[in-house]
Structures are given as structure tokens and as C-alpha cells.
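Peer 1: Quick note: the sequence shown uses our numbering, first residue 1, plus one each step.
Certain hints may be false.
[Stated by the list, open to error] Label-pair ranges, simulated between beta-carbon atoms:
| hint | residue 1 | residue 2 | range |
| --- | --- | --- | --- |
| 1 | ASP233 | ARG115 | 51 to 59 Å |
| 2 | GLY196 | ARG115 | 20 to 28 Å |
| 3 | GLY236 | PRO116 | 19 to 27 Å |
| 4 | GLY171 | GLY196 | 30 to 38 Å |
| 5 | GLY196 | ARG301 | 20 to 28 Å |
| 6 | ASP194 | GLN239 | 39 to 47 Å |
Since the hints were derived computationally from the structure, they do not count as laboratory data. Values in this document were obtained by computation on a predicted structure and should not be read as measured data. We put the CB at the ideal spot given by N, CA and C, even for glycine.
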Amino acid sequence: MSRDRFRAEIAAARALLQAHGLDAPAGTGVPAVPLPGLLAQCRALVHDSAAQPPAPVRTLHHFACTGGTLIGRCLGALPNVRLLSEVDPLSTLGDTGKERFFPSDLPSLARAGTRPPGPEVLEEVFLAGLSVLQTDCRRQGLDLVLRDHAHSHFCTGPAIPERPGLREIVGRAHPVRSAVTVRHPFESWLSLLDRGWLHFAPATVAQYALRYHAFLDHHAGLEILRYEDFLADPEGGVQRLCALLELAYDPGFRLVLPAIRLSGDSGRRGDRIAPRPRRAHSPEQIEAALAAPAFTDLLDRLGYTLER
């Protein structure tokens, strides 16, 4: 709104008050205490808003096929949450396809173009866009949540690349609040096999466990929530995540959940939050998992067991 239009609307409002005899205090014999001018009040509000600490960006981290999409949908169903799904500024997972078509994705366009920039520039491009989103969130009273695509970082290629993850990149420009969610590793391993998402080599359960350990090491110090516990008490799980991420909890999230759809929703779909039977598997798959020290160590680390 222009200054002239603002003044015109104030003048019109004052004229309306005068027409109804409301522009001056009733005669009480007591001198009226002048109220601060409207513009002064607006300036004070702007000053108070600018003095507040910057709002954090929230990040949610998990492996593929661990229930992260459902948990993300629950968070996305909360009032005033803007959730972006499957975020990894330095992911190259989609760059190897024959149809490299991403007209609205500036970092991918830069990587696919002539004389592609290095990772430092790609990080800056991502952070520039993130700052615009965060400013818009603050203007609208929204909380920004980024759901990490950790599969790109830890489960792609012959080796885990030495590079920063989503949390480190975001933390260079914004305060961050983060949480990690996990699922029984044998369940997620079976799901990976079923989906054909074995983007690492060698594609063995032992290698999967080693990469899971690396993921946990990378996010050491963050609280870990188990998917199975979330299914047993969804309201309690969302409340705990809200406390960790500094989000406002609303028990009505389950009513909104059917309307929330995210990328990465590739598992056993449905809006029912309840345990599902384990996928079909062979005794040999269990034996291979139990024969891998890295996998049994992973079970112990996360508090799971696997019976023959």
C-alpha cells in the first residue's frame, strides 16, 4: 500500500468516526489522555518484530523406507507448517537419467548446463532460495520444515561422499531444530529390496548396515524416535516431534492427514496409522542379516532384535 493511499484510508476512517460522534471522548470532566498515534504504534510493532530472534528452520532426517513419509505427512497436517519433502541440495541421484528435465530446479539446471558450478556455489543457490522461503514463512506466520533425502547422501554410489548434509548446509544461514526417526533395519532393508532402491555397491545387508551407522554418526547428538513407537502412540509421537522442532501441536492433525500428500510416498499407502505385517522374506535373508556384525551392531544400537 502506498503512503498516499494509507493516509487516505486513515482520513476516511476518521471521518466515519466523526460522523458517528466517536472521534472524541465523552465529556467526563477528566482530560482525555492522548493515545499514541497509529503510525507510532505501527513503527513500534515493526521494531518489536525485527528485534525477535530469527525463526529456526526445522529438519527431519531418516533413511528410505523407514516410515518417514507418514511422519512427515503428520507434521505437514499441523496448522501453519510448510513442509518440503525429500530435500538434499547436493543430491545427484536424479542426474543420471536419460531425461534430465527440471525446468524449475535452478541447482539441477546449473549442474546439467555447460561449465557447471562447484558444490559451494550450489549450496549458496540453495540457501538463497531458502532465505526467500523463510522470509515468506515469517511474513505469513508459518513454520518451515525440511524433510531430508538422506538416501541421496548415504545410500548412493560406491562410497559415501565426504560432503555436508542438509542440516549443516541450512545451519550456515539459519538456526536449526532437528530430529531423527528410524525403523527396524530388517524391515527397511526388505522394503528397499522390494522397491529396487539398491543404489549402492555392494548391494548387501552388511553394506546397508554400514551406511546406516554412518548416517547415525553424522547426526550424533540428535534425539532418535522409533517408527514403531510412533505407530503405537501417534499423538504422543507428534507431540514429541513438536517439542523437539519447536512446532505448535494440534490434536486435529489426524483429521487433516488424508489431504496431505508428499513426494516419496512410495510405501504401503494409506491413512491408517497402525503396524503392518512384515514383508515376505526367506530364512536365508534373516541368516544373512544375523551373520553380518555391522547389522547386529545396528540392531543393538537402535534397540531392536531379530529372531530366526
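Peer 1: Are the hints correct? Go through all of them and say.
Peer 2: These are the hints, each one checked on the structure:
no. : hint                        : verdict
1   : ASP233 - ARG115: 51 to 59 Å : 53 Å, holds
2   : GLY196 - ARG115: 20 to 28 Å : 34 Å, violated
3   : GLY236 - PRO116: 19 to 27 Å : 46 Å, violated
4   : GLY171 - GLY196: 30 to 38 Å : 34 Å, holds
5   : GLY196 - ARG301: 20 to 28 Å : 27 Å, holds
6   : ASP194 - GLN239: 39 to 47 Å : 32 Å, violated
Checked against the numbered hints given earlier, this structure breaks hints 2, 3, 6; the rest are met.
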